[in-house]
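Undergrad: Spelled out, the chains give:
There are 2 protein chains.
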Amino acid sequence: MPIPQYFLDRRTVRRFSDRAVDMSMITEMLGAAAQAPNTGNMQLYSAVVTVSPETIKALAPAHFNQPASVGCAAMVTFCADFNRFEHWCRVSDAAPGYDNFQAFIWAVIDATIFAQQFCTIAEQSGLGCCYLGTTTYNAPQIAGILDLPNRVVPVVTIALGWPDGEAPKCDRLPVDSIVHIEKYKDYSDDDIRDIYSYKESLPENKNFVSENGKETLAQVFTDVRYKKSDNEYFSKLYRDFIGEQGF
Amino acid sequence: MPIPQYFLDRRTVRRFSDRAVDMSMITEMLGAAAQAPNTGNMQLYSAVVTVSPETIKALAPAHFNQPASVGCAAMVTFCADFNRFEHWCRVSDAAPGYDNFQAFIWAVIDATIFAQQFCTIAEQSGLGCCYLGTTTYNAPQIAGILDLPNRVVPVVTIALGWPDGEAPKCDRLPVDSIVHIEKYKDYSDDDIRDIYSYKESLPENKNFVSENGKETLAQVFTDVRYKKSDNEYFSKLYRDFIGEQGF
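Quick mapping for you: the protein sequence lines, in order, are chains W and Y.
Take our numbering: the final residue in the first sequence is number 766, and no numbers are missing along the way.
Take our numbering: the final residue in the second sequence is number 766, and no numbers are missing along the way.
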């Protein structure tokens, strides 16, 4: 059976039309997405759906006002959630032991699988989606706006809406560079140059390098987009917040 | 547009026939899955595909020999991977700053989205899949068997094969208990009892309680399946390993 064309052609949408997305449609898609696998059928996640323009406007700065966050019709914030499960334990004379790193990672994995299944369903329904990776940066701010209680940590956000125009298709590394047969085969310098040569050759990436006054595309990542000092600052912020939330 | 029936009907498969799964089919599905979203198009993941019966046999104990790990035709171990990206930085005169918690979490999210897209594609191709959540338990052992280098950490494993018989469909919590409209609405004790009442009423779950000599279903989770002492032991093991791998 051939792989459905959708999977090969899908693209991230960052520009949305003014058309609203019904809350009932989002809820129905989330119900279907919850059929995706999860850890021990504990469903260690919650989805907070925001369609009110005021709350979207309040959340956008936490996502650095990136265009998809400002212009979307809805945001779904997927959270690692042990609040519900532990509440069940407490009303069931059971003593939970989930204030630790394993529990947090299970819930991160559960929330992410749930989010990705939702993304696939939404895209196949004609909606455009954009993950906001900034969710792990400003998690305390997001938690404040969404009233997240103890034991709940935001992990990823999907901004969605009806697409405005056709979104560009992104390049990907050659499949044999991300797949290892039987065991991990480490890369030589020449392997690495080969793997990244197509990406480096793309006109938009060459523009990226010159616009930022850099010599190589990798420097745009290390010096501009994902800088060590930012990464360290937001690592401490997220790690401290996870601790405050009881993991 | 109605939600495709596949998403509503999907189920986890733990029993597989003897029929092999072609490596070329797995690689093609992984190539399609890599079109899924990822952080900043850095593709911070690798998939290690194991089809040799010897290596599957070596990996199964790391997954506590659960039936899906012993009886599968293939295992795909999805790893958080900064090794490839940082190697590219080094050959590009760029100084990486990714030895921190944010970087690790981005890579966990990337690896999980990639895994879930692969799971959906494989299931739609007629294969059966089972996530092995034990990957975060015995990560050092798995890394040893698969020759994972520094900066690479296993996150989830999917055991797959052609289904043997029909797998049962799992219950899920009511959708309005996992979705919050606009803001998080915390649960009352009565809400919690309602939400979990269907799960508690299922004959297989009632058997679970009596077989384990427990009083409530939640106690099966806290006292048998996901015990505090185990969670704490494997939290330290995983956290230490992540540190050793340079995050």
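Treat each hint with caution, since some may be false.
Which copy is meant is left open, so a pair is good if it fits within one copy or across any two.
[Unchecked claim] Here are the simulated lysine to any residue pairs, SDA-like style, with alpha carbons at most 20 Å apart:
id : residue 1 : residue 2
1  : Lys702    : Asn619
2  : Lys576    : Val540
3  : Lys746    : Ser729
4  : Lys725    : Arg712
5  : Lys755    : Phe620
6  : Lys718    : Arg691
7  : Lys755    : Gly765
8  : Lys755    : Asn619
9  : Lys755    : Gly663
10 : Lys702    : Thr546
11 : Lys688    : Thr735
12 : Lys755    : Asp618
13 : Lys746    : Asn724
14 : Lys688    : Tyr525
15 : Lys733    : Ile664
16 : Lys704    : Glu685
17 : Lys725    : Arg744
18 : Lys733    : Val570
19 : Lys576    : Ile700
20 : Lys746    : Arg758
21 : Lys702    : Met542
22 : Lys747    : Glu547
Honestly, the hints are just simulated from the structure, not real lab data.
All of these numbers come straight from a predicted model, not from anything done at the bench.
Undergrad: For each hint, tell me whether it holds in the structure or not.
TA: Consistency of the hints with the structure:
Taking CA atoms no more than 20 Å apart as the test, Lys702 paired with Asn619 passes in neither setting, with 31 Å inside one copy and 26 Å between copies. In the homo-oligomer, the alpha carbons of Lys576 and Val540 lie at most 20 Å apart inside one protomer (16 Å), although the nearest pairing across protomers, at 49 Å, exceeds that limit. For the homomeric pair Lys746 and Ser729, the shortest alpha-carbon distance inside one copy (18 Å) is at most 20 Å, but the shortest distance between copies (55 Å) is not. Taking the closest pair of Cα atoms, Lys725 and Arg712 come within 20 Å of each other only inside a single copy of the chain (16 Å); across copies the shortest separation is 58 Å, beyond that limit.
With identical chains, the CA atoms of Lys755 and Phe620 are at most 20 Å apart both within one copy (15 Å) and between copies (8 Å). Within a single copy, Lys718 and Arg691 get their C-alpha atoms as close as 8 Å, which meets the 20 Å cut-off; across copies the closest is 42 Å, which misses it. For the identical chains of this complex, Lys755 and Gly765 are neighbours both inside a copy (16 Å) and across copies (16 Å), given an alpha-carbon limit of 20 Å. In this assembly of identical chains, Lys755 and Asn619 lie within 20 Å of each other by CA distance both inside one copy and across copies; the values are 17 Å within and 9 Å between.
For a Cα distance limit of 20 Å, the shortest separation of Lys755 from Gly663 inside one copy, 18 Å, qualifies, whereas the shortest one across copies, 30 Å, does not. Taking the shortest alpha-carbon separations for Lys702 and Thr546, only the inter-copy value of 14 Å comes in at or below 20 Å, while the best intra-copy value is 41 Å. For the identical chains of this complex, Lys688 and Thr735 are neighbours neither inside a copy (22 Å) nor across copies (51 Å), given an alpha-carbon limit of 20 Å. With identical chains, the CA atoms of Lys755 and Asp618 are at most 20 Å apart both within one copy (19 Å) and between copies (13 Å).
Taking identical chains as interchangeable, the C-alpha atoms of Lys746 and Asn724 lie at most 20 Å apart only when both belong to the same chain, with a minimum of 18 Å there against 49 Å between chains. Taking CA atoms no more than 20 Å apart as the test, Lys688 paired with Tyr525 passes inside one copy only; the shortest distance there is 12 Å, against 26 Å between copies. For a Cα distance limit of 20 Å, the shortest separation of Lys733 from Ile664 qualifies neither inside one copy, at 38 Å, nor across copies, at 40 Å. Taking the shortest alpha-carbon separations for Lys704 and Glu685, neither the intra-copy value of 38 Å nor the inter-copy value of 37 Å comes in at or below 20 Å.
For the identical chains of this complex, Lys725 and Arg744 are intra-copy neighbours only, at 15 Å inside a copy versus 52 Å across copies, given an alpha-carbon limit of 20 Å. Proximity of Lys733 and Val570 under a CA criterion of 20 Å is satisfied in neither setting, with 40 Å inside one chain copy and 43 Å between copies. For the identical chains of this complex, Lys576 and Ile700 are inter-copy neighbours only, at 16 Å across copies versus 47 Å inside a copy, given an alpha-carbon limit of 20 Å. Proximity of Lys746 and Arg758 under a CA criterion of 20 Å is satisfied intra-copy only: 18 Å inside one chain copy versus 24 Å between copies.
Within a single copy, Lys702 and Met542 get their C-alpha atoms only as close as 45 Å, which misses the 20 Å cut-off; across copies the closest is 13 Å, which meets it. Neither within a single protomer nor between protomers do Lys747 and Glu547 lie at most 20 Å apart by alpha-carbon distance, with minima of 40 Å and 35 Å respectively.
In this structure, the hints that do not hold are numbers 1, 11, 15, 16, 18 and 22, in rising order.
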